[in-house]
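S.K.: Keeping their order, the protein sequence lines are chains A and B. Numbers 4 to 475, taken from this note's numbering, label the letters of the first sequence in order. Numbers 5 to 481, taken from this note's numbering, label the letters of the second sequence in order.
Just so you know, the hints here were simulated from the structure itself, not pulled from any lab data. No residue lacks a Cβ here, since even glycine has one placed at the ideal position from N, Cα and C. Any given hint could turn out to be false.
Computed far set for chain A versus chain B, every beta-carbon distance over 10 Å [claimed, not checked]:
{"id": "1", "residue": "Met4"}
{"id": "2", "residue": "Ser45"}
{"id": "3", "residue": "Met186"}
{"id": "4", "residue": "Gln245"}
{"id": "5", "residue": "Asn256"}
{"id": "6", "residue": "Asp276"}
{"id": "7", "residue": "Leu287"}
{"id": "8", "residue": "Glu289"}
{"id": "9", "residue": "Ser293"}
{"id": "10", "residue": "Lys444"}
{"id": "11", "residue": "Gln452"}
{"id": "12", "residue": "Gly460"}
Calculated cross-link-like contacts (lysine-lysine; reagent style DSSO-like; alpha-carbon spacing at most 30 Å) [what the hints assert, rightly or not]:
{"id": "13", "chain 1": "A", "residue 1": "Lys129", "chain 2": "A", "residue 2": "Lys60"}
{"id": "14", "chain 1": "B", "residue 1": "Lys325", "chain 2": "A", "residue 2": "Lys214"}
{"id": "15", "chain 1": "B", "residue 1": "Lys353", "chain 2": "A", "residue 2": "Lys82"}
{"id": "16", "chain 1": "A", "residue 1": "Lys75", "chain 2": "B", "residue 2": "Lys108"}
{"id": "17", "chain 1": "B", "residue 1": "Lys285", "chain 2": "B", "residue 2": "Lys274"}
{"id": "18", "chain 1": "A", "residue 1": "Lys258", "chain 2": "B", "residue 2": "Lys341"}
Away from chain A, derived, C-beta distances all over 12 Å, residues of chain B [to be verified]:
{"id": "19", "residue": "Lys55"}
{"id": "20", "residue": "Met60"}
{"id": "21", "residue": "Glu112"}
{"id": "22", "residue": "Gly200"}
{"id": "23", "residue": "Glu290"}
{"id": "24", "residue": "Leu363"}
{"id": "25", "residue": "Tyr368"}
{"id": "26", "residue": "Glu444"}
{"id": "27", "residue": "Asp459"}
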Amino acid sequence: MRYQPVIGLEIHAELLTDSKVFCTCQNEFGGSENTRVCPRCSGMPGTLPLLNQNAVKLAARAGIATDCTVNKYSAFDRKNYFYPDLPKAYQITQFESPICTNGHITVVGGKDIRINRIHIEEDAGKLVHDDYEGVSLADYNRCGVPLIEIVTEPDFRTIEEVQDFMEQIALRLKYAGVCDARMEQGSLRVDVNISIMPVGSDVFGTRAEIKNLNSVKAIGRAIAYEIERQSEILDNGGTVVQETRRFNDNHGNTKALRSKEEAHDYRYFPEPDIPPVLFTDEELEEIVNSMPEMPQKRFARYTKAYGLPSDDASLIISNKDFSDFYDETVKINPDYKQVSNLMLGELLRNLNDSGAAVTDLKFAPSDLAKLVEMSSGSTVSKNAAKDILKIMFDNGGKPEEIAKENGFIMDNDASGLEAVIDKVIVDNADSVESYKSGNAKVFGFIMGQAMRLAGKGANPKLIKDLLTEKLK
Amino acid sequence: MDLVTMREKLDKKEISAVELTQSYLDKIKEKDKELNSYITVCEDAAIEQAKAAQEMIDSGNAGAFTGLPISVKDNICTNGVKTTCASKMLADFVPIYDATVMEKLNKEKIVMLGKTNMDEFAMGGSSQTSYFGGVKNPYDTSRVTGGSSGGAAASVAAGLCAAALGSDTGGSVRQPASFCGVTGLKPTYGAVSRWGLIAFASSLDQIGVLANSAADTGYMLNGIYGRDFNDATSSAKSKGDYTRLAGTDISKLKIGIPKEFFDGVTDEVKTAVLKAADYYKALGCELVECSLPSLEYAVSAYYLISSAEAASNLSRFDGIKYGYRSGLGEDFNDLIKASRREGFGDEVKRRIMLGNYALCSGYYDAYYKNATRIRTQIRKEYADIFEKCNVILTPTAPTTAYKIGEQEHDPVKMYLADICTVTVNIAGLPAISTTCGYGENGMPIGMSLTGRAFDEQTIIAVCDRFERDFDRKEARI
Chain A
4 MRYQPVIGLE IHAELLTDSK VFCTCQNEFG GSENTRVCPR CSGMPGTLPL
54 LNQNAVKLAA RAGIATDCTV NKYSAFDRKN YFYPDLPKAY QITQFESPIC
104 TNGHITVVGG KDIRINRIHI EEDAGKLVHD DYEGVSLADY NRCGVPLIEI
154 VTEPDFRTIE EVQDFMEQIA LRLKYAGVCD ARMEQGSLRV DVNISIMPVG
204 SDVFGTRAEI KNLNSVKAIG RAIAYEIERQ SEILDNGGTV VQETRRFNDN
254 HGNTKALRSK EEAHDYRYFP EPDIPPVLFT DEELEEIVNS MPEMPQKRFA
304 RYTKAYGLPS DDASLIISNK DFSDFYDETV KINPDYKQVS NLMLGELLRN
354 LNDSGAAVTD LKFAPSDLAK LVEMSSGSTV SKNAAKDILK IMFDNGGKPE
404 EIAKENGFIM DNDASGLEAV IDKVIVDNAD SVESYKSGNA KVFGFIMGQA
454 MRLAGKGANP KLIKDLLTEK LK
Chain B
5 MDLVTMREKL DKKEISAVEL TQSYLDKIKE KDKELNSYIT VCEDAAIEQA
55 KAAQEMIDSG NAGAFTGLPI SVKDNICTNG VKTTCASKML ADFVPIYDAT
105 VMEKLNKEKI VMLGKTNMDE FAMGGSSQTS YFGGVKNPYD TSRVTGGSSG
155 GAAASVAAGL CAAALGSDTG GSVRQPASFC GVTGLKPTYG AVSRWGLIAF
205 ASSLDQIGVL ANSAADTGYM LNGIYGRDFN DATSSAKSKG DYTRLAGTDI
255 SKLKIGIPKE FFDGVTDEVK TAVLKAADYY KALGCELVEC SLPSLEYAVS
305 AYYLISSAEA ASNLSRFDGI KYGYRSGLGE DFNDLIKASR REGFGDEVKR
355 RIMLGNYALC SGYYDAYYKN ATRIRTQIRK EYADIFEKCN VILTPTAPTT
405 AYKIGEQEHD PVKMYLADIC TVTVNIAGLP AISTTCGYGE NGMPIGMSLT
455 GRAFDEQTII AVCDRFERDF DRKEARI
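Can you build the whole structure from these sequences, using the hints too?
M.R.: The following block contains the structure:
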């Protein structure tokens, strides 16, 4: 039988706050075990949580970035369960009244994926199992790291939709300054809920929840495997059991972790130590006004108003700093296409080769704007522009000065060139003969000889025109 | 000796802080073997603190609390001093930080004589559930002190400290104050920071004061109230000087007498409290009959909410990180189970089970959710009463202190005895209990004055007025 998958996502994103969500410990990745722990986040008896207001703001920004309603009233609850990495034996989260609700993101094919809610919660610590010593050790550094959980409706029907959604949400969270969205480091984590039903049915099947997915590619592989696995069960007359499964990246399969029967009753109830989170209209407006342009809007602007090809537009917006640099540049020199070409060509190559970040660039958008102007205005040649950009990239500096110092300024005076071309024709008599007898390909070689003799500043267009004329 | 007098004597150097502290330590040595009001006595540290206090006094920098020797309930965290909650679970727990109340008082170099005994994790009304043995009533050592701040009440009643810090979740300051013949103040929820108070039921817990008089509780409240960055539920609404009582004109006040509170109490308690009402009437106060119709649901609501929060708050005691760890268990699940089974006493386990049951999906609406509805209703009924009255007068407990071993076998009967005190916590209001008479058995009878939120000033003043004309008996021990 043919089956239709039904997929929903639960996405955990670590918030880019300086400190943890309920204490003043630093919020950082890595580091030695148990070095970022205080009485509060380790649940020392008598301590109380202290809500990080910046975490609240970032969660609200996540809501705005995904077209959610940011609720004027939200509140915290306790989720109770025992595990050695959870020192209080309860997680502070938002259950009844989440901070954001009812959002959506449009994915490939123009389909809207609904977002049910976004809520704030704290992360747990980590257990390190030492099989050799036969012990488990607890590292509480991650305890109290601020997270948001984004829960979608089961609106996905294809892997492509899921992957597009993940790419978009990662980008939006980055743009909003909410999360650095590094899946491989775990700052963005996804649980996939997936069930299948016969094509044409509208009754959802029993779902499995897949954990441990740390790349968009892994998500695709895990879903594909799960569709296969569940289809096989149904084809053989079996029933899918509701359970949590873990994806193994090496084997490309999923394994059962625990079934529904083993699932916890979390005994949620309102967290009495934290007053509700309240927003006034003015506060919400302030957050909305502080939001940067979201990537999907930017994409529309680049493709529609600037006329960039959609591949180019996507590539530019995939890095916010890069895209900001582009915007700053075209603000000064609105030669959208040429700026895009130079940035996606030479600049991106240099960035990738060196591993440097856009924020580390040694020149300003105004310098790049000037360089494009020089190039399109025939002050320097296109090739010279690339060389100048490389020098700017390596050492910084103003394009005009670099061009002057290195003799890149094009000589647009044809009078001096005639002698050069005459000499090239004499020196390369054989090639000239060959060209005249109909071998058009030789023109490039003669042209190259002329350019070399004319020097860096020569204007290739002038040379070409003159050469064509003389060889008639 | 009241605290104002003690302050004067210290400042005038009629007595040194070290002498004063030593006299209390001597008395503790002499009497506390029998009472068991202290779990930890800080003999050396107290003398060191007294010396530092004396230096402060000598240099002319003494504050209101410099050199006053107090006791602190053993569920309030004290840096470097064992804080056990009277439980095997925390028998060796030494906090690495001070509760906010201690930090405030330590700034002025108060002297902490020791940590007082209590019901395990503040759960109980007898102070008999302590892992370190029960506390005995200084008026009659065959009787209970009440609880959970029984050690605090006994330490004040027997003169083993100048004043005591306790905590009150459902009556744990007021009821032992009543049983031991001292004054007990439970401030408004949020008036005093809970940072460092090991949580029992976070939405009800409040640090309070047990002392020899209403004036002394006001004196102590001055040193501990205020908004605290570390406790998001603390409030900046408290203000003023709670020792300035003279300005309060008692005679114009309206005192509410809610009839339901007198239904289930013994005749002698009822008579004594109504006699106190007559005293106020004679002063010119108007007595207003009023009603709190939801009182019959209050104990149920209180035990559901407090136990639910307790079940969650006490989950951290799992043998993994803090406190007692069992030697049993192959994996962490077994370890957690064994540690909790061995580390907690019966009453604590009973509350944890009750609380978890009330929170289970499927029962949540019927129990926890309904309890919060009753909470809302009780708050509303109090608000209605305070439309017409300035303070409310009730008994503190249905009976006087009972014999040790008399009631502990019947937990529900014990729970019902909290009927007169729990509504105040449910509504987050301030209340003060003082002795207003004595029973046939010679044991003190307590009355409570409940005020509007953050109006401790009035109830302390009203209570103080009564105490001036009441002849309080000394404890026998």
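S.K.: If a hint holds in the structure, say so; if it doesn't, say that too.
M.R.: Cross-check of the supplied hints:
no.: 1; hint: Met4; verdict: holds (35 Å)
no.: 2; hint: Ser45; verdict: violated (7 Å)
no.: 3; hint: Met186; verdict: holds (29 Å)
no.: 4; hint: Gln245; verdict: holds (16 Å)
no.: 5; hint: Asn256; verdict: holds (26 Å)
no.: 6; hint: Asp276; verdict: violated (5 Å)
no.: 7; hint: Leu287; verdict: holds (21 Å)
no.: 8; hint: Glu289; verdict: holds (22 Å)
no.: 9; hint: Ser293; verdict: holds (25 Å)
no.: 10; hint: Lys444; verdict: holds (77 Å)
no.: 11; hint: Gln452; verdict: holds (79 Å)
no.: 12; hint: Gly460; verdict: holds (68 Å)
no.: 13; hint: A/Lys129 <-> A/Lys60; verdict: holds (27 Å)
no.: 14; hint: B/Lys325 <-> A/Lys214; verdict: holds (27 Å)
no.: 15; hint: B/Lys353 <-> A/Lys82; verdict: holds (20 Å)
no.: 16; hint: A/Lys75 <-> B/Lys108; verdict: violated (36 Å)
no.: 17; hint: B/Lys285 <-> B/Lys274; verdict: holds (16 Å)
no.: 18; hint: A/Lys258 <-> B/Lys341; verdict: holds (28 Å)
no.: 19; hint: Lys55; verdict: holds (28 Å)
no.: 20; hint: Met60; verdict: holds (27 Å)
no.: 21; hint: Glu112; verdict: holds (22 Å)
no.: 22; hint: Gly200; verdict: violated (4 Å)
no.: 23; hint: Glu290; verdict: holds (37 Å)
no.: 24; hint: Leu363; verdict: violated (4 Å)
no.: 25; hint: Tyr368; verdict: violated (8 Å)
no.: 26; hint: Glu444; verdict: holds (42 Å)
no.: 27; hint: Asp459; verdict: holds (22 Å)
Of the hints listed earlier, those the structure fails to meet are numbers 2, 6, 16, 22, 24, 25, in rising order.
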